[in-house]
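Protein chains: 2
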Amino acid sequence: MELWYTEYQTREIGITCKISKTYYTGKSKFQDIALIETGQFGKMLVLDGMVQTTVKDEFVYHEMISHVPMCTHTNPEKILVIGGGDGGAIREAIKHKSVKKAVLVEIDGKVVEIAKKHLPEISCALDSEKVEVKVTDGIKYAKENKNTFDVVMVDSTDPVGPAAGLFDKDFYKSIYECLKEDGIFVAQTESPFFHKDLIKRVFDSVDRIFPIARLYTCSVPTYPSGYWSFTMGSKKYDPLLTDISKIDGLQTKYYNPKLHKACFVLPEFVKNIIKK
Amino acid sequence: MELWYTEYQTREIGITCKISKTYYTGKSKFQDIALIETGQFGKMLVLDGMVQTTVKDEFVYHEMISHVPMCTHTNPEKILVIGGGDGGAIREAIKHKSVKKAVLVEIDGKVVEIAKKHLPEISCALDSEKVEVKVTDGIKYAKENKNTFDVVMVDSTDPVGPAAGLFDKDFYKSIYECLKEDGIFVAQTESPFFHKDLIKRVFDSVDRIFPIARLYTCSVPTYPSGYWSFTMGSKKYDPLLTDISKIDGLQTKYYNPKLHKACFVLPEFVKNIIKK
Numbered sequence: 001m002e003l004w005y006t007e008y009q010t011r012e013i014g015i016t017c018k019i020s021k022t023y024y025t026g027k028s029k030f031q032d033i034a035l036i037e038t039g040q041f042g043k044m045l046v047l048d049g050m051v052q053t054t055v056k057d058e059f060v061y062h063e064m065i066s067h068v069p070m071c072t073h074t075n076p077e078k079i080l081v082i083g084g085g086d087g088g089a090i091r092e093a094i095k096h097k098s099v100k101k102a103v104l105v106e107i108d109g110k111v112v113e114i115a116k117k118h119l120p121e122i123s124c125a126l127d128s129e130k131v132e133v134k135v136t137d138g139i140k141y142a143k144e145n146k147n148t149f150d151v152v153m154v155d156s157t158d159p160v161g162p163a164a165g166l167f168d169k170d171f172y173k174s175i176y177e178c179l180k181e182d183g184i185f186v187a188q189t190e191s192p193f194f195h196k197d198l199i200k201r202v203f204d205s206v207d208r209i210f211p212i213a214r215l216y217t218c219s220v221p222t223y224p225s226g227y228w229s230f231t232m233g234s235k236k237y238d239p240l241l242t243d244i245s246k247i248d249g250l251q252t253k254y255y256n257p258k259l260h261k262a263c264f265v266l267p268e269f270v271k272n273i274i275k276k
Numbered sequence: 001m002e003l004w005y006t007e008y009q010t011r012e013i014g015i016t017c018k019i020s021k022t023y024y025t026g027k028s029k030f031q032d033i034a035l036i037e038t039g040q041f042g043k044m045l046v047l048d049g050m051v052q053t054t055v056k057d058e059f060v061y062h063e064m065i066s067h068v069p070m071c072t073h074t075n076p077e078k079i080l081v082i083g084g085g086d087g088g089a090i091r092e093a094i095k096h097k098s099v100k101k102a103v104l105v106e107i108d109g110k111v112v113e114i115a116k117k118h119l120p121e122i123s124c125a126l127d128s129e130k131v132e133v134k135v136t137d138g139i140k141y142a143k144e145n146k147n148t149f150d151v152v153m154v155d156s157t158d159p160v161g162p163a164a165g166l167f168d169k170d171f172y173k174s175i176y177e178c179l180k181e182d183g184i185f186v187a188q189t190e191s192p193f194f195h196k197d198l199i200k201r202v203f204d205s206v207d208r209i210f211p212i213a214r215l216y217t218c219s220v221p222t223y224p225s226g227y228w229s230f231t232m233g234s235k236k237y238d239p240l241l242t243d244i245s246k247i248d249g250l251q252t253k254y255y256n257p258k259l260h261k262a263c264f265v266l267p268e269f270v271k272n273i274i275k276k
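Top line first, the protein sequences correspond to chains A and B.
Using the working numbering, read the first sequence as starting at 1 and increasing by one per residue.
Using the working numbering, read the second sequence as starting at 1 and increasing by one per residue.
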């Protein structure tokens, strides 16, 4: 018998994956959680029926949410990841030698627990001495820690359920305040094919709050449309002006110095989404 | 009742689309053909169970297979498209004012017929005075027309069935010979996530035959993994040296002058596929 898992990414389209094993299915206080073994992408974490990460393509998303801001900042020492309970963004962030402390604030402790047990390839950095894991509300945490971080990454689920508040303008204001005076913020902002309104709204908010706002994209096969966006807000450093000759020695599978700038070159229809 | 069409892109993964109407299903001498209405992407052409093009995302593929070589060449007058019976690549090619003649060589006349009837948005250029449609074997045609074309685009189906020969080294030699002395050739070469061996093989062949070989990529939601590659072989012009300030006035939704170079900046894992 063949078992297939289907995520209906919209009401009209889905991705369907052959699965060979179910490691975990259950419910936390916040969401449904499943950890399954797929033929195409290996182990896959699913929250509320939406693919969050897979062992075989997670490198794209985690490298791009992390190295783009980390390499834009000249000396990122204190890092905050909101969401991202699988640990992938933190794993990439602490590859940077400048990092002294990285805090992961995940609202759902069960996600961290499942990732630690079943996804060691992704969660391996969560036991690092530099990493502190806090199971609490990221919105509250950002409000309570002002002028503290060099880089903040918002590695959220889709803008429904527990993550809805992470796409609000007030939240971005809190992020601005929890960054140091030259801090940088990045959030995952969904697909330019399927979520144009969301991207426009988030980009407009970030653009109003931060001196520098930029959108960049990458290809993630297991996310809706396979094409994904990130919105960056920066107080001082412009990623388009990064001296990429100084980016050196990062072990990566997707990100590289030339891509640091090329990922900001947007197709015409994406430029139009954020055009004023 | 809901009807869904599923393409199993590999043995382990598929894309599934809600459909509201079936305009055509049938068999030509070469393949199964279906033309369906999907909720997410509008009308969709399916050949042998594989999505070829949809009204809502076709612009990405057709613009990128066409404008990248067309803008790399300084004066493309005679154009050949092999495959591409839907007419999308030709439609983009004749946007360039330098074009005097564009020949479409499609082995399956039924595809042209269906596209003309059901996909006028894509096939509209096939009735242009500059366009000649030949229903014949592209391999044979390339062999018989030496030193003729400025740009050749191979807009094929996947490397099984009628298109298998379009991924052979001997075919690329014929293409080289049917190009003029400063001609450029581009072929669609599948997904960097799913078809690494094919990309490596094609790129190696093209790199041996042409002085300049380049790989570039774009995001096509309805193709396997959503991430797609094109291999370019050029006798004289290097796309990385194109004077993009001269690219002007093209009406596009994906391609633009900055992307002309950015699309050649490859993620690390893609660079590794074609590394010697």
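It is possible that part of the hints are untrue.
Pairs of lysine-lysine residues, derived as DSS-like cross-links and limited to a Cα-Cα distance of at most 25 Å, are as follows [as the list claims (entries may be wrong)]:
no.	chain 1	residue 1	chain 2	residue 2
1	A	Lys271	B	Lys253
2	A	Lys78	A	Lys140
3	B	Lys253	A	Lys200
Cβ pair distances, simulated, as ranges [claimed, not checked]:
no.	chain 1	residue 1	chain 2	residue 2	range
4	B	Leu3	A	Asn147	52 to 60 Å
5	B	Lys258	A	Lys130	21 to 29 Å
6	A	Asp197	B	Gln251	43 to 51 Å
7	B	Pro120	A	Asn147	54 to 62 Å
8	B	Asp32	A	Gly42	40 to 48 Å
9	B	Leu240	A	Asp238	56 to 64 Å
10	B	Lys143	A	Asn272	23 to 31 Å
11	A	Asn272	B	Lys21	47 to 55 Å
12	B	Leu240	A	Gly249	20 to 28 Å
13	A	Lys169	B	Asp127	19 to 27 Å
14	B	Ser128	A	Glu181	56 to 64 Å
15	B	Val160	A	Lys143	34 to 42 Å
Just so you know, these hints were derived from the structure itself, not from any lab.
Keep in mind that this is a model prediction, so the values were computed, not measured.
Beta carbons are placed, not taken as given, at the ideal position from N, Cα and C, and that holds for glycine.
Hint check:
{"no.": "1", "hint": "A/Lys271 x B/Lys253", "result": "holds (10 Å)"}
{"no.": "2", "hint": "A/Lys78 x A/Lys140", "result": "holds (18 Å)"}
{"no.": "3", "hint": "B/Lys253 x A/Lys200", "result": "holds (17 Å)"}
{"no.": "4", "hint": "B/Leu3 x A/Asn147: 52 to 60 Å", "result": "holds (56 Å)"}
{"no.": "5", "hint": "B/Lys258 x A/Lys130: 21 to 29 Å", "result": "violated (38 Å)"}
{"no.": "6", "hint": "A/Asp197 x B/Gln251: 43 to 51 Å", "result": "violated (24 Å)"}
{"no.": "7", "hint": "B/Pro120 x A/Asn147: 54 to 62 Å", "result": "holds (59 Å)"}
{"no.": "8", "hint": "B/Asp32 x A/Gly42: 40 to 48 Å", "result": "violated (32 Å)"}
{"no.": "9", "hint": "B/Leu240 x A/Asp238: 56 to 64 Å", "result": "violated (24 Å)"}
{"no.": "10", "hint": "B/Lys143 x A/Asn272: 23 to 31 Å", "result": "violated (43 Å)"}
{"no.": "11", "hint": "A/Asn272 x B/Lys21: 47 to 55 Å", "result": "violated (29 Å)"}
{"no.": "12", "hint": "B/Leu240 x A/Gly249: 20 to 28 Å", "result": "holds (25 Å)"}
{"no.": "13", "hint": "A/Lys169 x B/Asp127: 19 to 27 Å", "result": "violated (50 Å)"}
{"no.": "14", "hint": "B/Ser128 x A/Glu181: 56 to 64 Å", "result": "holds (59 Å)"}
{"no.": "15", "hint": "B/Val160 x A/Lys143: 34 to 42 Å", "result": "violated (57 Å)"}
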